[in-house]
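A.B. asks: Take a look at the letters that make up each chain.
There are 2 protein chains.
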Amino acid sequence: MQESQLNPDVLNVEPSALRKFDHEISADPKIVKLTLGEPDFNVPEHVKEAAIQAIKDDRSHYPYYWGIQELRDAASKYYGEKFGYHYSANQILCTVGATEGLAATFKTLFQPGDGVIIPSPAYPVYKAMAGVNHLKPIMINTKENGCILTASQIQQAIDDNADLKIKGLVLTDPSNPTGAVYSEQELADLVPVLKANHIWVISDEIYGELTYGVNHYTLSKWLPDQTIIINGLSKSHAMTGWRIGFVFGPTGIMDQIAKAHQFMVTTPTSIVQYASVEALTHGQHDAEGMRKIYEQRLAYLTTELDAIGVSYVKPKGAFYIFATIPAKCHQDSYAFARKLATDYHVGVIPGEPFGDSHAIRISYASSNDNLKAFVAALKAYLATFETVAG
Amino acid sequence: MQESQLNPDVLNVEPSALRKFDHEISADPKIVKLTLGEPDFNVPEHVKEAAIQAIKDDRSHYPYYWGIQELRDAASKYYGEKFGYHYSANQILCTVGATEGLAATFKTLFQPGDGVIIPSPAYPVYKAMAGVNHLKPIMINTKENGCILTASQIQQAIDDNADLKIKGLVLTDPSNPTGAVYSEQELADLVPVLKANHIWVISDEIYGELTYGVNHYTLSKWLPDQTIIINGLSKSHAMTGWRIGFVFGPTGIMDQIAKAHQFMVTTPTSIVQYASVEALTHGQHDAEGMRKIYEQRLAYLTTELDAIGVSYVKPKGAFYIFATIPAKCHQDSYAFARKLATDYHVGVIPGEPFGDSHAIRISYASSNDNLKAFVAALKAYLATFETVAG
Chain L
1 MQESQLNPDV LNVEPSALRK FDHEISADPK IVKLTLGEPD FNVPEHVKEA
51 AIQAIKDDRS HYPYYWGIQE LRDAASKYYG EKFGYHYSAN QILCTVGATE
101 GLAATFKTLF QPGDGVIIPS PAYPVYKAMA GVNHLKPIMI NTKENGCILT
151 ASQIQQAIDD NADLKIKGLV LTDPSNPTGA VYSEQELADL VPVLKANHIW
201 VISDEIYGEL TYGVNHYTLS KWLPDQTIII NGLSKSHAMT GWRIGFVFGP
251 TGIMDQIAKA HQFMVTTPTS IVQYASVEAL THGQHDAEGM RKIYEQRLAY
301 LTTELDAIGV SYVKPKGAFY IFATIPAKCH QDSYAFARKL ATDYHVGVIP
351 GEPFGDSHAI RISYASSNDN LKAFVAALKA YLATFETVAG
Chain B
1 MQESQLNPDV LNVEPSALRK FDHEISADPK IVKLTLGEPD FNVPEHVKEA
51 AIQAIKDDRS HYPYYWGIQE LRDAASKYYG EKFGYHYSAN QILCTVGATE
101 GLAATFKTLF QPGDGVIIPS PAYPVYKAMA GVNHLKPIMI NTKENGCILT
151 ASQIQQAIDD NADLKIKGLV LTDPSNPTGA VYSEQELADL VPVLKANHIW
201 VISDEIYGEL TYGVNHYTLS KWLPDQTIII NGLSKSHAMT GWRIGFVFGP
251 TGIMDQIAKA HQFMVTTPTS IVQYASVEAL THGQHDAEGM RKIYEQRLAY
301 LTTELDAIGV SYVKPKGAFY IFATIPAKCH QDSYAFARKL ATDYHVGVIP
351 GEPFGDSHAI RISYASSNDN LKAFVAALKA YLATFETVAG
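Note that the protein sequences, when read in sequence, are chains L and B. For what it's worth, full-length UniProt numbering labels the leading residue of the first sequence as 1, then goes sequentially. For what it's worth, full-length UniProt numbering labels the leading residue of the second sequence as 1, then goes sequentially.
Hints should not be assumed to be uniformly reliable.
Any copy will do: because identical chains look the same in the list, a pair fits if it lies in one copy or spans two.
[What the hints assert, rightly or not] In the DSSO-like style, the derived pairs of lysine-lysine whose C-alpha atoms are separated by at most 27 Å in a straight line are:
| hint | residue 1 | residue 2 |
| --- | --- | --- |
| 1 | K379 | K221 |
| 2 | K56 | K292 |
| 3 | K30 | K136 |
| 4 | K30 | K56 |
Everything labelled a hint here was simulated from the structure, so no lab data went into it.
Kindly generate the complete structure, drawing on both the sequences and the hints.
C.D. replies: Have a look at this one:
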């Protein structure tokens, strides 16, 4: 059988470059990793206890495909109180992490050939999902405006792509990889152009609880009929591997997304759903302890980077710094990150998959010792260029 | 925003009629259910213990997207010994149940417009997945041959659809809903026509451990280069709600299916993966106790149906009886099943979604008391027709 007969949309997509790079450098037993987008904390004890109880109670049967009622009720209350979401339980779908929420949403909202705006630097999975669904990703570089997309950029993209039906925009707020966070005004400013052009917004708010000195706002406040929110417990409750996410949106649309979801996975893991009820009912403050530690690490890293003279987008949320590779290195992001990994046993992610081959993504969801090791390695490596130049 | 702008392949697909019907009749607190396709047993204790240990050990981080190495190694050995599968760990993908394995496989193997043969009566999710992927399902009625597809039927379908590129066949063995099981010879007989026409086989073997008096064989023995096997622990280890499945296939193709999978779900739940290692390492005999009980229930039900004079496809596997609604009832499958539910508080699934509006699917993954209640209800209901006729 020929591979060429397979679906070209799958053939043409690259496997996640982030995970591939991380997997490659993990072969080094000495590697110190500031690579992956997951908390270095454990699932809160009370949530672990709830999962154990669900196992003991034999909660092992098929949950309803939207997710169990208790979890959707709990999500309605929790996110309403946290961020002012206005969604009843029947507008909330439980998914296999944010990824499956995104996949079901991409599949449902768009038709092959539609255009989707993705502000860049961007989490590369969005572009991959556009590819898998035979959509045309329209990447808009936002670096000149502090990684905040503007209404005029959206209008420009529409004007520049008159041959395309631009049907969607993916907004990541707070942003992976830059840590940029939209202010209330910056979101409100986007609304008229999105409304006028009937553009769906997939609002990925998975890092919503992790902001530093600013609040998280949701575009759904102004644009409820055109916004689909993706959220979940991976970052707020350090439950990445447990795989639980939520999709929030208008009723008629959610019925359709739920169907796409049903024929992808049936439903997320039952015992995780029961544990997640506990997380949303008694874990309102679980993220706060982690958030404080991330904030301290961010302060440490930015102080050190400032001292070394490495520039970066000023992060206000998530747990990444997107730093520019000093020009004197004359290296693209893969060369730079590979060298750091092989010679200094420190792993960061090349910026190229995010759309910037002159940057690296540093995750500070990593221990203080790891951050120190990274700073030392970075200093040592950059010093080699001074020598050469001198 | 208009729903009509959404993806028509999602709009046009119906939500699972099985689950919808089950959900509807579940509103009756007195309902006795022989409806869903899941064991009425609990997850084996040693597997539950392993899951609890994984929670305590904080196995909560992102597993590699193919699934953890230990699980793929264990699956290679387990299924090799059980059914003679010949797949190394790097040819095995861990999925969110069989459903996600099917979804990733459908997405990867086929291009929009391709034809896929589905022998009927069939599990309705296959047709839904064909629809979601914009494929043309070619339903072949197999009832005249004891629900076993023949090579000449495949050839006939090819001849009848000369305008279509028939790229796939979904084989469910043992069958849901009929319990039919292919013999070694019946599988071998299909090979030449499948080879000659380069038809991919998606071989759903999820009920492989549940056969009665016959062995389970795998088409991959004769057709390794064209077969993708779907399996998992939902039925063999009563782990439906835990959501763990496996896809087995040729290396180059598996690399592609793994990508489709990555952009659907990232990976199945970590703690379930660790528990599944235990299931496959020390749970080789877990299914046997359940299988014996299913076999006794099958004997009980067939004896009773024979006595009542209700005909059915003779089941050799799975845990369903697909029974014909007696002609004297003059009722289609929904009317018959609804009446049984509303007047007798007994739930079975209408045959219509499986492709036969004159049948019902009776699941004997239900307690002996439930089976007795069903038999009593069926007798009582059918007796009402005698009275009318008399």
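A.B. asks: None of the hints should be skipped; say for each whether it holds.
C.D. replies: Status of the hints after comparison with the structure:
Proximity of K379 and K221 under a CA criterion of 27 Å is satisfied in neither setting, with 44 Å inside one chain copy and 58 Å between copies. Within a single copy, K56 and K292 get their C-alpha atoms only as close as 34 Å, which misses the 27 Å cut-off; across copies the closest is 25 Å, which meets it. Taking CA atoms no more than 27 Å apart as the test, K30 paired with K136 passes in neither setting, with 41 Å inside one copy and 52 Å between copies. For the identical chains of this complex, K30 and K56 are inter-copy neighbours only, at 26 Å across copies versus 39 Å inside a copy, given an alpha-carbon limit of 27 Å.
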